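Visitor: Taken in order, these protein sequences are the chains called A and B.
Each residue of the first sequence is one higher than the one before, counting from 9 in our numbering.
Each residue of the second sequence is one higher than the one before, counting from 1329 in our numbering.
Calculated from the structure, these hints are not laboratory results.
In this text the structure is predicted, and so the values were computed from the model without any measurement.
Among the hints, a few may not be true.
Claimed, not checked - Computed list of chain B residues with no C-beta within reach of chain A, every gap over 10 Å: (1) Lys1342; (2) Thr1345; (3) Gln1359; (4) Ile1449.
Said to hold, decoys possible - Computed list of lysine to aspartate or glutamate pairs in DMTMM-like fashion (alpha-carbon distance at most 25 Å, straight line): (5) B:Lys1386 - A:Glu30; (6) A:Lys15 - B:Glu1336; (7) B:Lys1455 - A:Asp106; (8) A:Lys19 - B:Glu1356; (9) B:Lys1435 - A:Asp26; (10) A:Lys14 - B:Glu1392; (11) B:Lys1421 - A:Asp16; (12) A:Lys14 - B:Glu1336; (13) B:Lys1451 - A:Glu30; (14) A:Lys15 - B:Glu1479.
For each residue, glycine too, the CB sits at the ideal point set by N, CA and C.
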Amino acid sequence: MEKFSKKDIFKTPEGYFDSLSENIIKRHEGEKVRQISIFKKYAAVAVLVLGFGIYFLNGTIKPISFEANNLNYEIDMYINSDFWQAEDILLLAENPNDILDEIIMAEWGDYSWGADDFEDDIWY
Amino acid sequence: MAVLSDKELLSLIKNPTSREQGFRELIELYQRKVYALIRKMVIIHEDADDLTQITFIKAFKNIERFQGNSSLFTWLYRIATNESLNFLAKKKKRFFLNINDHEELMKGHIDSSPLVDGEVIEKKLQKALLTLPDKQRLVFNLKYFEDLSYEEMSKITDTSVGSLKASYHHAVKKIENELRSE
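Same shape as in the complex, but just chain A:
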């Protein structure tokens, strides 16, 4: 076997490696934004449901006026400051599996899962 050249015959487009790190960083940031927006959507719904629930439990039916901007601001603050973690939002949600399904579809929508996909990896 040693008589065969070990030269790498697989080439890349011009400048490929010059921009690869930037592309990776942008893709990673894009995935984070997508995850956060999915969580925010469900967090907003969860907060509304909790809010209505508290008022009904108190036996008072009042017209509730939430200013949409204030609610979004508060949710942003909780999530961006890491006061709310992903697990907190999932606990608030009525259907946490729906949130997880949506994230999985967004990230892995093109994959078809088989039994061997759930094999544990050992990370060194």
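With chain A's structure known, arrange chain B on it following the hints.
Guide: Quick look at chain B alone, frame taken from chain A:
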């Protein structure tokens, strides 16, 4: 530019103020080797590009789980090889009813792609490698082209040194027979 050690890289990445800088340094240091390993497995540049990006993103997301029992290089290679093997398995399952169809398509790609540039004998070797099962092809690539030790390969593939030696030995025999028969 001075090459950073694993300890220095991890220190940069784990510090919130220098996290992105550390990530960039990690990519700059290992991007060519990771890409080369993946490309030899999946053959097509666009697929290798996608998997290379996924490899580094996964490393970044899981950096807190890295225990330092191996080098960052070994750990990255571990992710890259898993991604490559999973990708090939899914691709063949999804698009190709006959396993030989995928092999023939990749052989055609080696012959016709402008991003594959080698002598006739070098392309012949790559085409002969496609006749091996993917895991055996991986073992061959790690040993022959990457020149890794069996101990390093064992950490990457989570396979015993003995199994790797046997696998490589069989791969060499098959390749030699394949090349002789052409």
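Visitor: Hints first: check each against the structure and report whether it holds.
Guide: Going through the hints against the structure:
With a closest Cβ-Cβ approach of about 15 Å to chain A, Lys1342 (chain B) is found to remain outside the 10 Å limit, as its non-interface label requires. With a least CB separation of 15 Å from chain A, Thr1345 (chain B) remains clear of the 10 Å interface cut-off, as annotated. Residue placement check: Gln1359 (chain B) does not keep its beta carbon more than 10 Å from all beta carbons of chain A (closest about 5 Å). At roughly 7 Å, the least C-beta separation between Ile1449 (chain B) and chain A is not larger than 10 Å, which violates its mark as non-interface.
Restraint check for Lys1386 (chain B) and Glu30 (chain A): the C-alpha separation of about 16 Å stays at or below 25 Å, so the hint holds. This hinted pair does not check out: Lys15 (chain A) and Glu1336 (chain B) have alpha carbons roughly 32 Å apart, beyond 25 Å. Taking the CA atoms of Lys1455 (chain B) and Asp106 (chain A), the gap is near 45 Å; set against the 25 Å cutoff, the hint is violated. Restraint check for Lys19 (chain A) and Glu1356 (chain B): satisfied, since their Cα atoms lie roughly 18 Å apart, inside the 25 Å limit.
A threshold of 25 Å between alpha carbons decides the hint, and for Lys1435 (chain B) with Asp26 (chain A) the separation of about 29 Å lies outside it, so the pair is violated. Of the pairs offered as hints, the one joining Lys14 (chain A) and Glu1392 (chain B) is violated, with about 36 Å between alpha carbons and a cut-off of 25 Å exceeded. Pair hint Lys1421 (chain B) plus Asp16 (chain A) does not hold up; C-alpha atoms about 28 Å apart against a cutoff of 25 Å. About 32 Å separates the Cα atoms of Lys14 (chain A) and Glu1336 (chain B), which puts this hinted pair outside 25 Å; it is violated.
At roughly 32 Å between alpha-carbon atoms, Lys1451 (chain B) and Glu30 (chain A) are farther apart than 25 Å, so this suggested pair is violated. With a C-alpha separation of about 24 Å, the suggested pairing of Lys15 (chain A) with Glu1479 (chain B) holds against the 25 Å cut-off.
In this structure, the earlier hints numbered 3, 4, 6, 7, 9, 10, 11, 12, 13 are contradicted, and the remaining ones agree with it.
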